[in-house]
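Protein sequence lines correspond, in order, to chains A and B. First residue of the first sequence: 1, per the working numbering; consecutive thereafter. First residue of the second sequence: 1, per the working numbering; consecutive thereafter.
Hints in this document: simulated from the structure, not taken from any laboratory. For glycine and all other residues, C-beta sits at the position ideal for the given N, C-alpha and C. There may be inaccurate statements among the hints.
[Stated by the list, open to error] Each computed DSS-like pair below joins lysine-lysine, with the alpha-carbon atoms no more than 25 Å apart: (1) Lys107(B) - Lys39(B); (2) Lys43(A) - Lys74(A); (3) Lys31(B) - Lys87(A); (4) Lys107(B) - Lys87(A); (5) Lys43(A) - Lys107(B); (6) Lys43(A) - Lys87(A); (7) Lys74(A) - Lys13(A); (8) Lys42(B) - Lys107(B); (9) Lys107(B) - Lys31(B); (10) Lys42(B) - Lys12(A); (11) Lys31(A) - Lys19(A); (12) Lys42(B) - Lys19(A); (13) Lys31(B) - Lys31(A); (14) Lys19(A) - Lys87(A); (15) Lys42(B) - Lys103(B); (16) Lys74(A) - Lys39(B); (17) Lys31(A) - Lys12(A); (18) Lys19(A) - Lys74(A); (19) Lys31(B) - Lys103(B); (20) Lys43(A) - Lys19(A); (21) Lys87(A) - Lys31(A).
[Unchecked claim] Some but not every residue of chain A turned toward chain B, in silico, with C-beta under 10 Å: (22) Gly15; (23) Glu16; (24) Gly35; (25) Trp47; (26) Ser63; (27) Phe64; (28) Tyr110.
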Amino acid sequence: EVQLVQSGAEVKKPGESLKISCQGSAYRFTKNWIGWVRQMPGKGLEWMGIINPGDSDTRYSPSFQGQVTISVDKSISTAYLQWRSLKASDTAMYYCTRRAEDITTWTIDYWGQGTLVTVSS
Amino acid sequence: DIQMTQSPSSLSASVGDRVTITCRASQYLTKYLNWYQQKPGKAPELLIYSASSLQSGVPSRFSGSGSGTDFTLTISSLQPEDFATYYCQQSYSLPSTFGQGTKLEIK
Numbered sequence: 001e002v003q004l005v006q007s008g009a010e011v012k013k014p015g016e017s018l019k020i021s022c023q024g025s026a027y028r029f030t031k032n033w034i035g036w037v038r039q040m041p042g043k044g045l046e047w048m049g050i051i052n053p054g055d056s057d058t059r060y061s062p063s064f065q066g067q068v069t070i071s072v073d074k075s076i077s078t079a080y081l082q083w084r085s086l087k088a089s090d091t092a093m094y095y096c097t098r099r100a101e102d103i104t105t106w107t108i109d110y111w112g113q114g115t116l117v118t119v120s121s
Numbered sequence: 001d002i003q004m005t006q007s008p009s010s011l012s013a014s015v016g017d018r019v020t021i022t023c024r025a026s027q028y029l030t031k032y033l034n035w036y037q038q039k040p041g042k043a044p045e046l047l048i049y050s051a052s053s054l055q056s057g058v059p060s061r062f063s064g065s066g067s068g069t070d071f072t073l074t075i076s077s078l079q080p081e082d083f084a085t086y087y088c089q090q091s092y093s094l095p096s097t098f099g100q101g102t103k104l105e106i107k
């Protein structure tokens, strides 16, 4: 069974850095793009960006470009979402996602369980 | 970016009711519109892809229709487990975008 397993909840202070992870299993990791979606407390879903684990080609939403960095280590089937300097407004649940195999579309077929990031002084 | 507008934002219905949620895109999507269900405290799950294709394992009471800019999700006979929030997503171009969500509540 395909799984995306994310790292655990984090509590950080404003200005701190953070890197959360998402490990894929039960499929060939380099075959499907991995993306990230933000959900702020009580709010809807926001598409942040996506990376091709095969060649690290990365696309960002303009809303998140320059605010976060998406990376991958294909040797351990793991994708990352990173912040250099967190803000209180980064407090949210972050989901990693897998792009479906139909490469004509950016459909998400699997989701991780989510990583809750809390930024508070 | 393509803007996605769902309606209604919330909806009260009873078990057994037929329910329809609509999603309108600001640009032409051909058929590349998906629907997801999210229950409280859980990750979203794919219900419908490419406007009308049912994801494996999803009950047949869920159906999708539409093309171009206007799309519909229909639940033919609501079951207790269907009370959740539903999101549309355009998968036509990047950045992908979601509708604001429709919260389906028990009447």
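Evaluated hints:
1. A hinted pair counts as satisfied when its Cα atoms are at most 25 Å apart, and Lys107(B) with Lys39(B) qualifies at roughly 17 Å.
2. For the hint pairing Lys43(A) with Lys74(A), the CA-to-CA distance comes to about 32 Å; that exceeds 25 Å, so the pair is violated.
3. Simply put, Lys31(B) and Lys87(A) have alpha-carbon atoms about 38 Å apart, too far for the 25 Å limit, and the pair is violated.
4. For a cut-off of 25 Å, the pair hint linking Lys107(B) to Lys87(A) is broken: about 39 Å separates their Cα positions.
5. The hinted pair formed by Lys43(A) and Lys107(B) meets the criterion: a straight-line CA distance of about 22 Å does not exceed 25 Å.
6. Only pairs whose Cα atoms come within 25 Å are accepted, and Lys43(A) paired with Lys87(A) is accepted, the gap being roughly 18 Å.
7. A threshold of 25 Å between alpha carbons decides the hint, and for Lys74(A) with Lys13(A) the separation of about 30 Å lies outside it, so the pair is violated.
8. A C-alpha spacing of about 22 Å is found between Lys42(B) and Lys107(B), which places the hinted pair at or below 25 Å, so the restraint holds.
9. Using a Cα cut-off of 25 Å, the hinted pair Lys107(B) and Lys31(B) is violated, with the two alpha carbons roughly 33 Å apart.
10. In summary, the hint linking Lys42(B) to Lys12(A) is supported, as the alpha carbons are separated by about 23 Å, within the 25 Å threshold.
11. For the proposed pair Lys31(A) and Lys19(A), the alpha carbon gap of about 23 Å is at most 25 Å, so the pair holds.
12. Restraint check: the Cα-Cα separation between Lys42(B) and Lys19(A) comes to about 22 Å, which is no more than 25 Å; the hinted pair holds.
13. A threshold of 25 Å between alpha carbons decides the hint, and for Lys31(B) with Lys31(A) the separation of about 24 Å falls inside it, so the pair holds.
14. Of the pairs offered as hints, the one joining Lys19(A) and Lys87(A) holds, with about 14 Å between alpha carbons and a cut-off of 25 Å not exceeded.
15. At roughly 14 Å between alpha-carbon atoms, Lys42(B) and Lys103(B) fall within 25 Å of each other, so this suggested pair holds.
16. Between Lys74(A) and Lys39(B), the direct Cα distance comes to roughly 31 Å. Violation of the 25 Å bound is thereby established for this hinted pair.
17. Distance restraint check for Lys31(A) and Lys12(A): the Cα-Cα separation of roughly 33 Å exceeds the 25 Å cut-off, and the hinted pair is therefore not satisfied.
18. Using a Cα cut-off of 25 Å, the hinted pair Lys19(A) and Lys74(A) holds, with the two alpha carbons roughly 16 Å apart.
19. With a C-alpha separation of about 24 Å, the suggested pairing of Lys31(B) with Lys103(B) holds against the 25 Å cut-off.
20. For the suggested pair Lys43(A) and Lys19(A), the alpha carbons sit about 23 Å apart, so the restraint of at most 25 Å is met.
21. A hinted pair counts as satisfied when its Cα atoms are at most 25 Å apart, and Lys87(A) with Lys31(A) does not qualify at roughly 34 Å.
22. Because the beta carbon of Gly15(A) sits about 27 Å from the nearest beta carbon in chain B, more than 10 Å, this interface hint is broken.
23. Hint status for Glu16(A) relative to chain B: violated, with the closest Cβ pair at about 26 Å, above 10 Å.
24. The interface hint given for Gly35(A) is met, as the beta carbon of that residue sits about 8 Å from the closest beta carbon of chain B, less than 10 Å.
25. Because the beta carbon of Trp47(A) sits about 4 Å from the nearest beta carbon in chain B, less than 10 Å, this interface hint is met.
26. A distance limit of 10 Å between C-beta atoms decides the matter here; for Ser63(A) the minimum to chain B is near 8 Å, and the interface restraint holds.
27. Here the hint on Phe64(A) is kept, as its CB sits about 9 Å from the closest CB of chain B, short of 10 Å.
28. A distance limit of 10 Å between C-beta atoms decides the matter here; for Tyr110(A) the minimum to chain B is near 8 Å, and the interface restraint holds.
In summary, the numbered hints that this structure violates are 2, 3, 4, 7, 9, 16, 17, 21, 22, 23.
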